[in-house]
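A.B. asks: When you get a sec, could you build the whole thing from the sequences and use the hints?
Respectively, the protein sequence lines represent chains A and B.
Per our numbering, residue 1 is the first one in the first sequence, and the count goes up by one each step.
Per our numbering, residue 1 is the first one in the second sequence, and the count goes up by one each step.
Hints are supplied without guarantee of correctness; some may be wrong.
So these bits of chain B aren't anywhere near chain A, every CB distance computed over 10 Å [claimed, not checked]:
1. VAL45
2. GLY92
3. LYS132
4. SER135
5. MET202
6. TYR210
7. LYS221
8. GLY226
9. THR228
10. GLU247
11. THR290
12. HIS307
Here are the computed distance ranges between Cβ atoms for each label pair [what the hints assert, rightly or not]:
13. PHE248(B) - ALA106(A): 35 to 45 Å
14. SER225(B) - LYS90(A): 51 to 61 Å
15. SER11(A) - GLU272(B): 57 to 67 Å
16. ASP147(B) - SER11(A): 28 to 38 Å
17. ARG29(B) - TYR3(A): 46 to 56 Å
18. ASN270(B) - THR100(A): 23 to 33 Å
19. THR51(A) - SER225(B): 51 to 61 Å
20. GLY226(B) - ALA106(A): 35 to 45 Å
21. SER100(B) - LYS90(A): 28 to 38 Å
22. ALA113(A) - SER225(B): 51 to 61 Å
23. ARG75(A) - ARG229(B): 40 to 50 Å
24. GLU111(A) - SER225(B): 44 to 54 Å
25. GLY102(B) - THR51(A): 37 to 47 Å
26. GLN178(B) - THR51(A): 41 to 51 Å
Treat the hints as calculated values from the structure; they're not laboratory data.
This structure is a prediction, so every number in the text was calculated from the model and none was measured.
Where a beta carbon is used, it is the ideal one built from N, C-alpha and C, also for glycine.
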Amino acid sequence: MLYTNLKHIESAAEHAQIINENENVMVICGRMGPMCIPVYGIAEELEEEYTHVKFCDMEFDNPESYIIRQLPEVRGFMGIPFTIYYKNGKVAKATSSIQTKTQVTAILDKEFASTVNA
Amino acid sequence: MNATNHYDAIVIGGGPAGLTAGIYLSRARLKTLILNEGTVGGQLVLTHEIANYPGVESISGYQLSNIMRKQAKSFGCDIKSNISIESLELEGEEKRITLSDGKIYTSDSIILSPGGRSRTLGVSGEDNFKGKGISYCATCDGDFFTDKEIVVVGGGNSALEEAVSLTKYARKVTIVHQFDHFQAFEHAVEEAWEHPKISFVMESTITAFYGGENLESVDIKNLKSGETRRFKTDGVFIFIGYIPNTEFLKEKLELNKWGEIVVKPDMATNIEGVYAAGDSTAKRFRQVTTAVSDGTIAALAASNFVHESKSKKKELIEI
Numbered sequence: 001m002l003y004t005n006l007k008h009i010e011s012a013a014e015h016a017q018i019i020n021e022n023e024n025v026m027v028i029c030g031r032m033g034p035m036c037i038p039v040y041g042i043a044e045e046l047e048e049e050y051t052h053v054k055f056c057d058m059e060f061d062n063p064e065s066y067i068i069r070q071l072p073e074v075r076g077f078m079g080i081p082f083t084i085y086y087k088n089g090k091v092a093k094a095t096s097s098i099q100t101k102t103q104v105t106a107i108l109d110k111e112f113a114s115t116v117n118a
Numbered sequence: 001m002n003a004t005n006h007y008d009a010i011v012i013g014g015g016p017a018g019l020t021a022g023i024y025l026s027r028a029r030l031k032t033l034i035l036n037e038g039t040v041g042g043q044l045v046l047t048h049e050i051a052n053y054p055g056v057e058s059i060s061g062y063q064l065s066n067i068m069r070k071q072a073k074s075f076g077c078d079i080k081s082n083i084s085i086e087s088l089e090l091e092g093e094e095k096r097i098t099l100s101d102g103k104i105y106t107s108d109s110i111i112l113s114p115g116g117r118s119r120t121l122g123v124s125g126e127d128n129f130k131g132k133g134i135s136y137c138a139t140c141d142g143d144f145f146t147d148k149e150i151v152v153v154g155g156g157n158s159a160l161e162e163a164v165s166l167t168k169y170a171r172k173v174t175i176v177h178q179f180d181h182f183q184a185f186e187h188a189v190e191e192a193w194e195h196p197k198i199s200f201v202m203e204s205t206i207t208a209f210y211g212g213e214n215l216e217s218v219d220i221k222n223l224k225s226g227e228t229r230r231f232k233t234d235g236v237f238i239f240i241g242y243i244p245n246t247e248f249l250k251e252k253l254e255l256n257k258w259g260e261i262v263v264k265p266d267m268a269t270n271i272e273g274v275y276a277a278g279d280s281t282a283k284r285f286r287q288v289t290t291a292v293s294d295g296t297i298a299a300l301a302a303s304n305f306v307h308e309s310k311s312k313k314k315e316l317i318e319i
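C.D. replies: Put into structure tokens, the structure is as follows:
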């Protein structure tokens, strides 16, 4: 169970639906651990500002998260969370382990264009 | 200065010390702002389970910090997180903080509670292989190293306890430590020494990380002989302690040689109207409860300072 205020993705089917119905999606796949929690916190902070991006999380230990763990883009990743940025249903960028707000916003601005309300 | 950007008190840092200060200040009807560079809750949110916080049998750090945040907000405290401080003026009656987005906040009083963070080695390649062989959390990433050979860096309790814990996954664990002895408790040292999967490289440090997509090897330098050798490894876990987040305070107020803020018993710093609380202050014990205590004392002292300053100003106007 992820105790965050983000949209929780519970199944592979829900994951597919979200990335297909939203142009820009950020999914953080992790646990409630020290490397993951700061990334959830950053996403929660950015939700209001980046209204054109759908921010979600998915529990790493949920068997359904195979949909993320099997992505070719995460091959070689050895640190959670696996954070995946989807543009029109395709992986635009993937990162491993803890990230700073600067790193996250740099990816959001590059892959999903600049924030509307900045 | 825009009145909406002026506060009675500004708290820098939103860990348990800062949140507690926010609760006390705002409950005392002082206009209060907490500015936090990272996630609200600080290192508290990183604690999986807290079982020794009086009055609460067991709770995750994340949940406890969320309750503290809600409490502070319920009393009217403003909280801005994931901000970045560009400049800070502590001297004088009006304290001034400029954020990197250009916003300026002023206040009569400041409480500094920036907390601390895990120390990194700061050597070549460390940033490149974070999450691709380098980790700072055994419980998070240990299972990625099943049947692999790994290195643990450090000699304190965290390093030795996590090294033992990582033997559940790894085929072999090599502890690299800069001294010829460990700082950890004796029982932790004994457990590591006696473990068949653990070996030791003492008086040594890692000076570089190498690999392609993932980490493949490190340079280990013997600090006594000066000799450096290349060492193949699948992963490195780094547990070399914490450092206070006080770089932005250098030459602005009194810090000790470890960069910790020097405080008086009422948590006052050497600058009038500026107080400090929590893990960034010079003290022996660092617990959630001690941070909460510091935050309470700092808030009460700051509250008193603000009220006295306002009374003095009022008297001067009346004269």
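A.B. asks: Now look at each hint and say whether the structure bears it out.
C.D. replies: Here is how each hint holds up against the structure:
With a least CB separation of 5 Å from chain A, VAL45(B) falls inside the 10 Å interface cut-off, contrary to its annotation. Once the 10 Å rule is applied to beta carbons, GLY92(B) is consistent with being away from chain A; the minimum gap is 31 Å. At roughly 6 Å from the closest C-beta of chain A, the C-beta of LYS132(B) falls inside 10 Å, breaking its exclusion from the interface. A beta-carbon of chain A comes within 10 Å of the beta-carbon of SER135(B); the shortest separation is about 5 Å.
Once the 10 Å rule is applied to beta carbons, MET202(B) is consistent with being away from chain A; the minimum gap is 27 Å. Listed as outside the interface, TYR210(B) is consistent with that label: its C-beta sits roughly 15 Å from the nearest C-beta of chain A, beyond the 10 Å cut-off. No beta-carbon of chain A comes within 10 Å of the beta-carbon of LYS221(B); the shortest separation is about 24 Å. Listed as a non-interface residue, GLY226(B) keeps its Cβ farther than 10 Å from every Cβ of chain A; the least gap is roughly 32 Å.
For THR228(B), the non-interface assignment is confirmed: its Cβ lies about 25 Å from the closest Cβ of chain A, beyond the 10 Å cut-off. The claim that GLU247(B) lies off the interface holds: its Cβ sits roughly 15 Å from the closest Cβ of chain A, which is beyond the 10 Å cut-off. Chain A leaves THR290(B) outside its interface by the beta-carbon criterion, the shortest separation being 20 Å against a cut-off of 10 Å. For HIS307(B), the shortest C-beta to C-beta distance to chain A comes to about 33 Å, beyond the 10 Å cut-off, and the non-interface label holds.
In this structure, PHE248(B) and ALA106(A) break the distance hint of 35 to 45 Å, their C-beta atoms being roughly 22 Å apart. Distance hint check: the CB atoms of SER225(B) and LYS90(A) are about 53 Å apart, consistent with the given range 51 to 61 Å. For SER11(A) and GLU272(B), the hinted distance range of 57 to 67 Å is satisfied, since their beta carbons lie about 58 Å from each other. The supplied range of 28 to 38 Å is met by ASP147(B) and SER11(A), whose beta-carbon atoms lie about 30 Å from each other.
Range check, ARG29(B) to TYR3(A): about 32 Å between beta-carbon atoms, so the 46 to 56 Å window is missed. A beta carbon spacing of about 31 Å between ASN270(B) and THR100(A) agrees with the range 23 to 33 Å that was offered as a hint. The supplied range of 51 to 61 Å is met by THR51(A) and SER225(B), whose beta-carbon atoms lie about 59 Å from each other. Between GLY226(B) and ALA106(A), the C-beta spacing of about 39 Å keeps the proposed range 35 to 45 Å intact.
The hinted window of 28 to 38 Å between SER100(B) and LYS90(A) holds, with their beta carbons roughly 33 Å apart. The hinted range of 51 to 61 Å is satisfied by ALA113(A) and SER225(B), whose Cβ atoms lie roughly 55 Å apart. One distance hint, 40 to 50 Å for the beta-carbon pair ARG75(A) and ARG229(B), is violated here, with the actual separation near 30 Å. At roughly 48 Å, the beta-carbon separation of GLU111(A) and SER225(B) lies within the given 44 to 54 Å, and the hint holds.
At roughly 22 Å, the beta carbons of GLY102(B) and THR51(A) sit outside the given window of 37 to 47 Å. Look at GLN178(B) against THR51(A): about 49 Å separates their beta carbons, and that is inside 41 to 51 Å.
Of the numbered hints given earlier, the model fails hints 1, 3, 4, 13, 17, 23 and 25; all others are met.
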